[in-house]
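Student: Listed in order, the protein sequences are those of chains L and P.
Residue numbers for the first sequence follow our numbering, beginning at 1 and rising by one.
Residue numbers for the second sequence follow our numbering, beginning at 160 and rising by one.
FYI, nobody ran anything at the bench for these hints, they're computed from the structure.
Each hint should be verified, as a subset may be incorrect.
Stated by the list, open to error - Here are the simulated DMTMM-like cross-link-like pairs (lysine to aspartate or glutamate), alpha carbons at most 20 Å apart as the crow flies:
id, chain 1, residue 1, chain 2, residue 2
1, P, 161, L, 25
2, P, 161, P, 211
3, P, 161, L, 18
4, P, 187, P, 174
5, P, 187, L, 18
6, P, 248, P, 219
7, P, 178, P, 300
8, L, 92, L, 144
9, P, 248, P, 223
Each chain, letter by letter, is given below.
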Amino acid sequence: MAEITVTVNGRAHTESVEPRLLLSDFLRHRLGLTGTHVGCEHGVCGSCTVLVDGRAVRSCLTLAIQVDGREVATVESLASIDGLHPLQESFKKNFALQCGFCTPGILMAVCDFVGRRTDPSREEIAEMLSGHLCRCTGYTSIIEAIYEFSRHDAGGGAT
Amino acid sequence: MKPAPFDYQRPATVEEAAKILAQSAGGKVLAGGQSLIPLLNLRLSFPELLVDINRIPDLDYIVEDAGVVRVGALVRQSTFGDSFLVQSKVPLAAQGVSHVGHYVTRNQGTVAGSLAHSDSRGELPVALVALGGSVSVVSEEGQRDIEAADLFVTDFTTSISETEIIVESSWPVGGSEWGFAFSEFALRHGDYALAMIAVAIHVVDGVVDQATIVAGSVADRPLFLEEASRHLLGRRPDEDVFSSCREAAVAAVDPADDIHATGEYKQHLMGVLVDAALRSAWKDSTGEAHG
Ligand code: FES
Ligand code: FES
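Given these sequences and hints, build the entire structure.
Tutor: See below:
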């Protein structure tokens, strides 16, 4: 066991972890942040995507012990007491989710993506989305939601 | 699934990492983890110890030096692909890395890790062999360089020993008289390619005087297509040259059937990809935009 301190959505947490504990399980089981979903646990589905120091990563392919001293942002960081984040609003408006299983991972990937690609084309958005499996929507509405958000809120990221 | 238990160490220097690896039997280097952690999660690999090199300073650089672009072991695939230096000086590698994994996995996965993993379906090993690059590895005994041609032994096996760590990869720079192209075919973007091709040609006065065609995904490691490459030498590529290269490439590979495609289909793909890549490399060498 090793003691780690991680800042998650602005709050510091100190926990004892086994080296083999995945960041996805740390977030869900230790911190109760179940917004981060787990689909495949080998990097394929994208539903576990979170931000570590502002960069989107697969939390199922990251050990909790690796983020000792780092800042993590999960989907829970997006909405505030005043309402949804503009990216979430865009998903709602464009019917970009049905069951919502894939949504948290996509939202967090987009927070990174729009910060690094100015005015992405639909093709670039589709290329980015190839790392996220959605079994419901058929992707078209997700592409539209991201496209619209990227035009209105280019600097929008997790808070 | 979850990984089996292992010990974890996070050395602060390369020397310390080398020492830990020398003392442990069966320690594994953890860099980006995008290939290693899936293997742990699936319990296909049970290392006793992970040596996490992510906090070692000074391994995160991309610099041009004496005709090569040197890339530190902690450079992420996304940083590598987005780097203007890489795009302008080693465009073949920039094209190759865009096919590696997905947007998010490239944020973590490293260039060196992809080489060390030696997956026969990996793009970066194919690009490194095509460019004649190399890696530098360090152990307690010191540092040595390994040429790309000697690095990839077979699937998931390199000539790097268990006590050595890659500290840098070197990517030779091509001038304006070079033409490069990378092309591959995968069932879905980001999936493993059924076949891939990297081409590097050097053209003097409209005639090819150096040519390297390397195939990936169709053998247990990057495959230099010697015969097909030879068909280009001393020639100004025309339809005859393209078709003889294509035939030689098809004849040189014997890919196995799998659930995605028959070997015969992959062989056919090889011809299609060689044709497309050669035309695009030729255009690139004549200064026209990529086809
Ligand atoms: S659970 Fe992490 S990518 Fe699927
Ligand atoms: S909304 Fe159901 S998986 Fe995407």
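Student: Determine for every hint whether it applies to the structure shown.
Tutor: Do the hints match the structure? See the list:
1. 161(P) <-> 25(L): holds (10 Å)
2. 161(P) <-> 211(P): holds (18 Å)
3. 161(P) <-> 18(L): holds (12 Å)
4. 187(P) <-> 174(P): holds (15 Å)
5. 187(P) <-> 18(L): holds (17 Å)
6. 248(P) <-> 219(P): Between residue 248(P) and residue 219(P) the Cα gap is close to 18 Å, so the pair holds against 20 Å.
7. 178(P) <-> 300(P): With Cα atoms ~10 Å apart, residue 178(P) and residue 300(P) stay inside 20 Å; holds.
8. 92(L) <-> 144(L): Holds: residue 92(L) and residue 144(L) sit about 11 Å apart, inside 20 Å.
9. 248(P) <-> 223(P): holds (9 Å)
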